[in-house]
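Protein chains: 2
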Amino acid sequence: MIIIGEKINSTLKAIRPAIERYDTKAIQELAVRQAEAGASYIDVNAGMFFKDELDRLEWLVKTVQEVVDIPLSIDSPNPLAIERGLKANKNGKPVINSITDEKERFEAVLPMVLEYNASVIALCMDDTGMPETEQDRVSIARRMIEKLTKAGVAPQDIFIDPLIRPIGTGSHYGRVALETMRIVKTEYPDVHVTCGLSNISFGIPERKLMNKTFLVAAVAAGMDGAILDPLDTKLMTFLYAAEALMGKDDFCMEYLTKYREGKLDV
Amino acid sequence: MIIIGEKINSTLKAIRPAIERYDTKAIQELAVRQAEAGASYIDVNAGMFFKDELDRLEWLVKTVQEVVDIPLSIDSPNPLAIERGLKANKNGKPVINSITDEKERFEAVLPMVLEYNASVIALCMDDTGMPETEQDRVSIARRMIEKLTKAGVAPQDIFIDPLIRPIGTGSHYGRVALETMRIVKTEYPDVHVTCGLSNISFGIPERKLMNKTFLVAAVAAGMDGAILDPLDTKLMTFLYAAEALMGKDDFCMEYLTKYREGKLDV
Chain Y
1 MIIIGEKINS TLKAIRPAIE RYDTKAIQEL AVRQAEAGAS YIDVNAGMFF
51 KDELDRLEWL VKTVQEVVDI PLSIDSPNPL AIERGLKANK NGKPVINSIT
101 DEKERFEAVL PMVLEYNASV IALCMDDTGM PETEQDRVSI ARRMIEKLTK
151 AGVAPQDIFI DPLIRPIGTG SHYGRVALET MRIVKTEYPD VHVTCGLSNI
201 SFGIPERKLM NKTFLVAAVA AGMDGAILDP LDTKLMTFLY AAEALMGKDD
251 FCMEYLTKYR EGKLDV
Chain V
1 MIIIGEKINS TLKAIRPAIE RYDTKAIQEL AVRQAEAGAS YIDVNAGMFF
51 KDELDRLEWL VKTVQEVVDI PLSIDSPNPL AIERGLKANK NGKPVINSIT
101 DEKERFEAVL PMVLEYNASV IALCMDDTGM PETEQDRVSI ARRMIEKLTK
151 AGVAPQDIFI DPLIRPIGTG SHYGRVALET MRIVKTEYPD VHVTCGLSNI
201 SFGIPERKLM NKTFLVAAVA AGMDGAILDP LDTKLMTFLY AAEALMGKDD
251 FCMEYLTKYR EGKLDV
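Those sequence lines, one after another, are chains Y and V. This note's numbering numbers the first residue of the first sequence as 1 and each following residue consecutively. This note's numbering numbers the first residue of the second sequence as 1 and each following residue consecutively.
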């Protein structure tokens, strides 16, 4: 599983003040702890600072790469902010979070994917908005994969994100997300499938229970990248179990190792 | 979800003594508690008593139906024991646990399914043994469904059980079981798909963690019957979450109700 550590994100209330006051120590500690907990990428997002997002994102990139070697996930809806992040990046091949099939955004982000030899998270939405059914999502995914690979992006550098909508707003949204993942992963085994987990539980009680449940179902559906909090030991425990269950962990070796290390938090 | 309460089973060390000493009170309490916890069927099994299984199974049937009205799951590999159980049954349409595609067993059990108008759990195995791949399992499932429906059994009276082998003995067995369920449920939407959960975790540590993980993945794969312990509140909590996630719980109403009743055990 490719884990994109989601903690350094200005939309998270607990973290935002640290970005606000340029708290190097707090940000670096979060980066190190996520890397130690198994993150493959550290996501950095300053999107809540509308006036100076670019400066703050650049600061996040520089601050994080002073203390960790793993690559970064440069996270913004704003192509200009992404560019600033990419320019500051020195930690190897980053992932751009994210592109969509909206014409303007696609055309602004694609050149950066190519110029910086980056991977890219591709959200299943286009200029008509967020699609309702799995077939509509899969169609957008197919279109983006085709356009990206035609432009020279390798399939293994693409992460398709079906876009998770809360089951509290529509009982079918869990199934839609999982089916989209399953179909995309089946059709394009080399393309990664990812998502931000926690949106699924927005507005319902016991969110962490639902997030764990969704994580397991998503791993079973073929998700091989996850934007999550690697410091959530209970969530990570279900990740280890799901990977062992799905045969992605030969002889359950990682599961058994985590058990012996006391890292199964049940 | 159709829940087959698995507690009254002579293979369970904690229960066996109660069957051994004909402890009416203990058995009836287990039956009532499982029914109250949401069981759709109460499974009764005396298979560990080789010498007098038939008498003990008959006693279990009579003892249980004195205190609960829900139907029974008559559980034995021995067709003669099944028949004794069926003869004693007064709690409405029972389920026979189980038939297989082994020639002798199939021919012995099928007439009882018809005579007693029972439902039946059909295990994916035949005279060549337990199949290794999902395709082999699906082939056996198709054959049994065809033979059973041709003989007059309604599709909704059939429960296909892919047979769960422990992931500790083969990393692929989780995926094989889940894929079998998914394919069977897709091809035969009216046929139920079920399994005994706990075999998946045999021989590995933190079995309850793995059982919960498997339950979620199985619900996502289309399992709509489960042989489990309804008194395991943590397991049931993941069942409620999985059903809400998969849109089998309109507007998350049951999930929210369980939450309000304090029955989400997180």
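Everything labelled a hint here was simulated from the structure, so no lab data went into it. Just so you know, not all the hints are guaranteed correct.
Where chains are identical, the list cannot tell them apart; a pair therefore holds if satisfied intra-copy or between any two copies.
Pairs of lysine to aspartate or glutamate residues, derived as DMTMM-like cross-links and limited to a Cα-Cα distance of at most 25 Å, are as follows [as the list claims (entries may be wrong)]: (1) Lys208 to Asp250; (2) Lys248 to Asp136; (3) Lys263 to Asp224; (4) Lys248 to Glu206; (5) Lys208 to Glu146; (6) Lys208 to Glu261; (7) Lys248 to Glu132; (8) Lys90 to Asp250; (9) Lys263 to Asp232; (10) Lys13 to Asp101; (11) Lys90 to Glu29; (12) Lys62 to Asp52; (13) Lys62 to Glu187; (14) Lys185 to Asp55.
The model shown is predicted, which means the values in this text are computed figures rather than measured ones.
How the hints compare with the structure:
Only between protomers do lysine 208 and aspartate 250 lie at most 25 Å apart by alpha-carbon distance; the minimum there is 20 Å, versus 28 Å within a single protomer. With identical chains, the CA atoms of lysine 248 and aspartate 136 are at most 25 Å apart between copies only, with a shortest distance of 22 Å across copies and 29 Å within one. Taking the shortest alpha-carbon separations for lysine 263 and aspartate 224, only the intra-copy value of 21 Å comes in at or below 25 Å, while the best inter-copy value is 32 Å. For a Cα distance limit of 25 Å, the shortest separation of lysine 248 from glutamate 206 across copies, 18 Å, qualifies, whereas the shortest one inside one copy, 28 Å, does not.
In this homomeric assembly, lysine 208 and glutamate 146 never come within 25 Å of each other (Cα to Cα): the closest approach is 36 Å inside a single copy and 43 Å across copies. Taking the shortest Cα distances, lysine 208 and glutamate 261 sit within 25 Å of each other both inside one copy (24 Å) and across copies (18 Å). Only between protomers do lysine 248 and glutamate 132 lie at most 25 Å apart by alpha-carbon distance; the minimum there is 18 Å, versus 31 Å within a single protomer. Proximity of lysine 90 and aspartate 250 under a CA criterion of 25 Å is satisfied in neither setting, with 34 Å inside one chain copy and 48 Å between copies.
In the homo-oligomer, the alpha carbons of lysine 263 and aspartate 232 lie at most 25 Å apart both inside one protomer (11 Å) and across protomers (23 Å), since each shortest distance falls under that limit. For a Cα distance limit of 25 Å, the shortest separation of lysine 13 from aspartate 101 qualifies neither inside one copy, at 29 Å, nor across copies, at 58 Å. For the identical chains of this complex, lysine 90 and glutamate 29 are intra-copy neighbours only, at 19 Å inside a copy versus 66 Å across copies, given an alpha-carbon limit of 25 Å. When the C-alpha separation of lysine 62 and aspartate 52 is checked against a cutoff of 25 Å, the pair qualifies only within one copy, where the shortest distance is 16 Å, while the shortest distance between copies is 75 Å.
Taking the shortest alpha-carbon separations for lysine 62 and glutamate 187, neither the intra-copy value of 38 Å nor the inter-copy value of 54 Å comes in at or below 25 Å. With identical chains, the CA atoms of lysine 185 and aspartate 55 are never at most 25 Å apart, being 37 Å at best within one copy and 53 Å at best between copies.
Checked against the numbered hints above, the structure breaks hints 5, 8, 10, 13, 14 and satisfies the rest.
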